[in-house]
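Student: Each chain is listed here by its residues.
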Amino acid sequence: MKDRILKIAPPLLLLAVLLALPAAGLSPNLVRLFFITFVFMITGIGWNLVGGFAGQVSFGFAVFYGLGAYATALMINAGSNPFIALLAGAGAAMVASFLVGLPTFRLRGPYFVIATIGVTEAVRVMMSNMGFTGGASGYRVTEHGEFRQVEHYYTALVAVAIALSISMLISKSRFGLALRAIKQDQDAAADLGVNPYTFKLWAHAIAAALTGVAGGIYARYAIFLDPGDVFAFQKGISILLIPVIGGIGTVWGPILGGLVVGIVEEQLVVKFPNIHLLLYGILLILIILFEPDGIVGLLRKLSNLFRRNRGNSGSGSADKVLWGRSRLEGREL
Amino acid sequence: MNLVDYLDPLVAALMLAGIYAAMSVGMTIIYGVMKIVNLAHAGFMMMGAYFAYELFERFHIDPVLGAVIALPVFFCFGVGVHWLLVRWLPKSDQPTLSSLLLMFGFWLVLQNVAYLIWQTEDRSINTSYTVSSTVIGPITLSHVRAIVFVAAVISVAALQMLLRRSWFGRSVRAMIQNPFAAQIYGVNERKTAMFTFGLGTAFAGFAGALLALLYPFSPDFGRQFLLRSFVIIVLGGLESFSGVAIGALILALVETFSILIPGVEASYQPAISFALLVVVLLLLPRGIAGLLEKKWRVA
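Same order as they appear, the protein sequences are chains F and R.
If you're matching positions, the first sequence starts at 1 in my numbering and goes up one per residue.
If you're matching positions, the second sequence starts at 1 in my numbering and goes up one per residue.
So that you can see chain R by itself, here it is in the shape it has in the complex (with noise of 0.2 Å):
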């Protein structure tokens, strides 16, 4: 195998790597703001998957464009879940055992609710575009895997900028860092607390709706990619955006690479998640924004 070989598993890893932010985004604003290990992040995402599904095929409406609707649908349906449930909890600075527990029956009811609805048979959407592909040189570029990596890097960017330059997004960084002097300077921690839940939800639908796109889904869709995102997030130090960018390309970049090793097969993808995460948890246990605040302050 000579170098040229390896671009093509390298572009399919990076392509990965725009979904895999995307779906573990919405997970490190909820953490970073309340605290909470949102175990319903996999529902949500399964909820996502679904509602494209339909959108598409009930009314014809592109699964990408899906996926857009997702987000106001979801981020009501977000605030909504705080309002009724998450709001009761505790609040900590630590992530407590009921908030945890919560979050998780409410996965539990999401996945089973979808049993009832939807059944257990795996379910795909197959659209004009979903097995054609452009071949540039060496790389095989498959047209699906090209506008879902779009779609999530526009919406990541989009985050950004949102938590870059509006006072909402102040706020949010604010709580992230210190949230009882963020009190003290008129950040109201409900509020704040509530849009964090509907936009870590909007998001967690946006890439399921998107993740739809490649993977064949069921109602237990969500939890491959819990496992990944907590992976991602651990690899980012939990907190930080930009770290889970380089969190999503380093696990894209182990998933895609470990299949050529000879031996190691597909179906061995959660083992060598877990293996990544034992390891980032033995050498860096804050993960690649600890490493990189010696240097320069990553929020």
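Only chain F is shown next, with the shape it has when bound in the complex (with noise of 0.2 Å):
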């Protein structure tokens, strides 16, 4: 029972403070910040579900993060609640992922991940000669009622929370067993009664579906939408690497992840173009080398340095009995 308490307590505490930040008197550069780090905290989380526990990586998330966005947009100008217009977002991510995984979780090796490539390519390029969203101009939003950016603040922070519970829910349960199995060893688990493919399809279907709402809540709140920004495959290798800086497959590394990415993409974009490319490639390559498990990985080694002078407990090595020596090695896609 303690232990439990110690465990919900933390994740409550820091929504508390979170949802008690704006009434402080947030800068609403502060609040911009916080809201942008949220919306890619919601996409990293929905990455990991495919990428994480899965193990099938995406370069083409920028795909539902657009589809969502552009979705929402057009409810919302057709006059719709922005909620079912978020949902309506999160529908259209959803059968767009049906498009790209229905042909390529068939196949064995890297089919996956060369569609996922192709796809921003493909869409990027049809959004830009679409008629009725604008084509290539760009698409407004224009939405009933004044702005205000706390309400945006609250809608994103609400949903990461949703997302997070998602994910641990979708972690302790059945399904993140068997997608976690499924990456581990397909043909074991295929043995063992676990569908790979239905599985992988749905597990790339929620992802999709939480990245179309982080699309649509940007949307909202950028009120303007140009393809070559929403469908870029840059966005994509964004929401790529908060779960693999945080921490892949893990539940809390996106959120980590996404806290470093949304500084980086919000603070040093402005200043500095192309070096955060850069800075990402670098810190990709050292992340795999070297700590495959990413910031979520080096907290445990932390702490398992401090834990082993009180005699070590073992529940930090647990992962390693599980999982063999990290998550990432020699796995099969």
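Derived from the structure by calculation, the hints contain no laboratory data.
Just so we're clear, the structure is a prediction, and the values are computed from it rather than from any experiment.
For each residue, glycine too, the CB sits at the ideal point set by N, CA and C.
Accuracy of the hints is not assured; some may be wrong.
A few chain F residues that don't get close to chain R, going by computed Cβ distances all over 10 Å [said to hold, decoys possible]:
no., residue
1, P11
2, A20
3, G55
4, N129
5, L268
6, L298
Quick list of the computed label-pair ranges, beta carbon to beta carbon [as the list claims (entries may be wrong)]:
no., chain 1, residue 1, chain 2, residue 2, range
7, R, S242, F, A190, 25 to 35 Å
8, R, R58, F, F132, 49 to 59 Å
9, F, D226, R, L141, 55 to 65 Å
10, R, S128, F, Q267, 44 to 54 Å
11, R, Q224, F, G134, 19 to 29 Å
If you want the footprint, here are the derived chain R segments under chain F, 3+ residues with CB under 8 Å [said to hold, decoys possible]:
no., segment
12, 96-109
13, 216-229
Hints given; two lone chains; assemble the complex.
Tutor: Dropping the structure here:
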């Protein structure tokens, strides 16, 4: 019981602090930073479901982000309730996820990754030529009522909380176990009655829906959508990096990674364009070669160092027993 | 439009297929031997383009000769990258998460170092033969395209010879067919992997230098060709060299002739490549080679 309270307390405390923050009189710039970070966290949590739990790397999440943004914008301009519009964004992203997943998840090998690299190019070109969304010149979202930044802050915060709960539930459930089994050994998982095809497909769909919602939340805030921005390959890279930096396949990894990426994108990009991608590349190489579990792995190592002095409780090394040397090592797609 | 009018795009497609094959073949051997989806291939192609550009601008070396010089230079570069990064990856007979992300990270580094050096604007190589062409009957033959085609075909043929005749080539083909059996028979896995990575990189640099003759380039240059290379090697069945040639030809034909369809603009080409990829995955999951394999083995 005590363990349980200790486990639940920090996230709830964090949530309470974040809920109370705007009342403390944050500057609009800081609220914006928080907002963008939340949006990134949602996309990262989504990517982690299919990339982290099921081990299917995707470079194409910008498609879901952009489609969610456009679908939400279209619905809002048609006069719908913003929350129904967000659901429409999730639906549009989900449909797109099936279009990528249906042909590729049937096959073994790198086909899914290859397709995700192609799909971003293809969709961006199509959206840039599409007439009713303004094509390459972008699309304006006109929402009735005045613009209140705090409202967007809370929308994004609640969405992060929901996404994190979904991720936690999946991580604990049979569904999450099945995804991890597929990541480790697809044949063994299939032998035990897990259908890799349907499980990957649904993990991908849920991930896409979350990313679509994130895109929709961003669209309402941004007011103006540029296909060269929301559908950019770079967007997909940022989304992928969030869980990788934070700790791939962990529940809290995307939150930590989202914080890093959010700050980098908001602060560094303005001052030094292109430097951030170089930084990402170096970070990616270092993470893969030295600490495949990202920030979460580092924190775990640190806490193990302290724990060793008080006698090893062993809970930290449970992962090593369960997942081998590390989550990333030698795992097939 | 009568039949003769189709001859011109047909020749153009054939010319395009040559360079497409040269750029995809490096990716195929790396995938075949190491099961690494080499996303850094795009970065190597971009570096090849700038390599030829710098040689041309500074020392007035012809870009085709520059492409040939790129072969040994990029071979050493590739061996170095393998020594520094790739050899630490865990071995697997399936592509792994870590190999994908590592190569992707390296591509990002290459691309953004290039941004720091050459900035964002598009560059191009203008030689004396860039715009000249010969008219033969209904066909207009662009000289630069013909030269690139010949260079690409010679290089791919040379690679094929190397793989067929040499001990190294034999070990590469053995590793592709069965890495375990190959090692039992005395193939040095590490050495083969290292040389293969070097060779794949060399071909990426070579193809990049040739592509620089045809298209303007920026540090983001490789990406659109990365997708095309993928489509080609998936068409070819991922590990087969003859498959690459056929895949390159099919993609070049589809791209060239799709422009003739009214309403399809040239900017839709990435969408066309992607659509082709999805169609192939649905109909021929093992590529052309899978189709042919029933009749004869294609290594």
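Student: Against each hint, give a clear statement of whether it holds in the structure.
Tutor: Do the hints match the structure? See the list:
1. P11: holds, 27 Å
2. A20: With a cut-off of 10 Å, A20/F remains clear of chain R, as the shortest Cβ separation is near 38 Å.
3. G55: For G55/F, whose nearest Cβ neighbour in chain R is about 6 Å away, the distance does not exceed 10 Å, so it is violated.
4. N129: The claim breaks: N129/F does not keep its Cβ more than 10 Å from every Cβ of chain R (closest is about 7 Å).
5. L268: Correct as stated: the minimum Cβ-Cβ distance to chain R is 13 Å, above 10 Å.
6. L298: holds, 17 Å
7. S242/R - A190/F: 25 to 35 Å: Roughly 32 Å apart at Cβ, these two residues keep to the hinted range, so it holds.
8. R58/R - F132/F: 49 to 59 Å: holds, 50 Å
9. D226/F - L141/R: 55 to 65 Å: Hint violated: Cβ distance 41 Å, outside 55 to 65 Å.
10. S128/R - Q267/F: 44 to 54 Å: holds, 49 Å
11. Q224/R - G134/F: 19 to 29 Å: Since Q224/R and G134/F have Cβ atoms about 24 Å apart, the given range 19 to 29 Å holds.
12. 96-109: Held - the segment 96-109 of chain R has 12 residues with a Cβ nearer than 8 Å to chain F, which meets the minimum of three.
13. 216-229: holds (count 4)
In summary, the numbered hints that this structure violates are 3, 4, 9.
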